[in-house]
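Student: For chain A, the structure is supplied; the task is to place chain B on it using the hints.
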Amino acid sequence: MVDPFDLAAGWLHETFVIPVLYAFGLMRWEELAQGWVLFVVYGAVQVVLTLAICLPLERWRPVEQWPDKHAVGVDIFYTVLSRVGVLPLVTFVLFYQVQVALNGWITDHGWIPPTLEGLIPPLIGHSLLTFAMYAVILDCADYWRHLVSHRIGWWWALHSVHHAQRQMTFWSDDRNHFLDDMIAFIWFGLIALAIGVPPLQFPLLVLVLRFVESLSHANARVSFGVVGERLLVSPRFHRAHHGVLAHGRRSCNYGAVLPWWDMLFGTADFSDEYVPTGDPTAEEALATGSWFAQQRSGLRRLWLTVVSGGKEA
Amino acid sequence: MAVRFRVLVLVATCFVLGLGVPKAPAAGLAFVVNSSSASISVIDMSERKELRRVPALREPHHLMLTPDGKSLLVGDTTGNQILFLDPATGDVQRRVPVSDPYQLGFSPDGKFLVVNGLARNQVDVYDTVEMALIKRFPVESTPSHLAFSPDSHTVFVSLQGSDKLAAFDLTSMTPLWTEPVGPTPAGVLWLHDKVLVADMGADYVAVVDPESGKVTDHIVTGKGAHNLFLSPDKKILWVNNRVAGTTSALDAETLKMMRTYNIPGGPDDIDFAPDGDLWITRRFAEKVAILHPDTGDFETIDVGRSPHGVWLNPAATSP
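Residue numbers (our numbering), protein chains in the order written: chain A, 1 to 313; chain B, 1 to 319.
Isolated chain A, as found in the complex:
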């Protein structure tokens, strides 16, 4: 069975990208561009899919209604920038280069680069199962990164850009300070390198996990029921994490996709409430400023935290 997204990417590549690369003498990047276009397509499809599912949910059972939705507009900008532009480029190009260099070096020294398939050989050829296993491991790693970002003062100063939003919607998942994003990417990338995530799967894994994360930020009164809430992070579960009384180190429900880690490590809150969101300690620019104002304000908060020896957080 052919992959329609791959075929669409191939058509885009052949029709638009290659002629441009050829015209500007950039054909040496042709192979890399082919991979990048594929993840741009996946990114665009993911945004459309998120819209198709989350928008009706938010209209059907909204938790809150706002007359002025300016702050949501900034979050839309974050999402498009991240998922269709920067994310595919960084996750594919950078991760690919680093993994090639590292694993080649490991092989040269007579060792076998670590992979799940190396650990469990029957997994070879079962790409869907392997993909799911990589996703679970990465989600567990992300739980710990997220929890620590709430406990360390300077890191929380950056992460508070994400939490300052009082009009939380499914667009809010990508509302992050670029330094916070960079740390998350390095952490995610290091774990992916350590467990041998295939470079062609890495951007796809990021996009699949991000899809669930978008859903969990939706301004929707949606719970997955007693059992479902314990299988997948729901809008209700994640809203508790964003609650005004749960900012900084006082928060709960750090899991991004699976609530298992919160259940396992005692940070889960399954109470049946839909709390208001935001960070009351953040300056107004973090909540309602432009993209640039939010980034600048995040940097200022970082600086104040560093010079105050962490007291700001």
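Note that these hints are calculated values from the structure, not bench results.
Positions of the beta carbon are idealized from the N, C-alpha and C atoms, including for glycine.
Among the hints, a few may not be true.
[Stated by the list, open to error] Dumping the calculated SDA-like pairs for lysine to any residue here, alpha-carbon to alpha-carbon at most 20 Å:
{"#": "1", "chain 1": "B", "residue 1": "K135", "chain 2": "A", "residue 2": "I106"}
{"#": "2", "chain 1": "B", "residue 1": "K49", "chain 2": "A", "residue 2": "M1"}
{"#": "3", "chain 1": "B", "residue 1": "K49", "chain 2": "A", "residue 2": "G73"}
[What the hints assert, rightly or not] Output of the computed footprint for chain A on chain B, the stretches with three or more beta carbons under 8 Å from beta carbons of chain A:
{"#": "4", "region": "54-64"}
{"#": "5", "region": "92-103"}
{"#": "6", "region": "261-270"}
{"#": "7", "region": "290-301"}
Tutor: Quick look at chain B alone, frame taken from chain A:
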């Protein structure tokens, strides 16, 4: 049995209609490397049907038969291993750790296996008996394709990211020269005491003097000339043009253009079937094309994502 019956009916129908006896498709197995699906498609050539996919680990690209014909080697670049397949069945014989194996080639005397590490900027020479690394040549940028001189003394490697061709002496294991040959050089072929290099950033094949590395001529084929192959009878030089989406046939003696075929979808590697058809991988279309050169028509078979290397084994029997 069903195939034989269909062929008989076809032959009888054509005979009755006075069309003459049609050409029967060549039998055997085709192996197509799906780079982005991490697999190798095994295809029944006469049935035009994919039989199964052999899993690789990460990102396989090219393949090459061992000189003794006992193994088909598939280089898995980011998997950092070479798969040894049974060329008669596609069964995996073994997996050997090798750093970044992109393009593979055995010297004509069978002594050396040269492995281009495209992403790691290295050209490795292995002893074919022990599969032991003898020599590593660090190169400027992205060693892509390779070709040997018939005496096995020299290997020529295109450096796709640097617009240059490099030559290495396999007797003394020393670099000979590195010379500019045109933008984004890819496919390399030894022909009539010259080295031909397909320049993907241009619309031509550069003719290079193997002694000096200097370009002596340019043969225009089509935008994005990517890879080139000599027909089994050595009469036709086939060139795939990536940007133009065409395959060019040139007279191998005169290098004059004979005919151009439209093969959209990123034509890349070619292998030749005994019935005269060309099997061409189409990188962006998840397909392998079977070109009938007489008519210019082509059939397609669905394969995996980003099909790259292709190798035909007419001697293999379909299970």
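Student: Could you tell me which of the hints above the structure violates, numbers in ascending order?
Tutor: Violated hints (numbers, rising): 3 and 7; every other hint is consistent with the structure.
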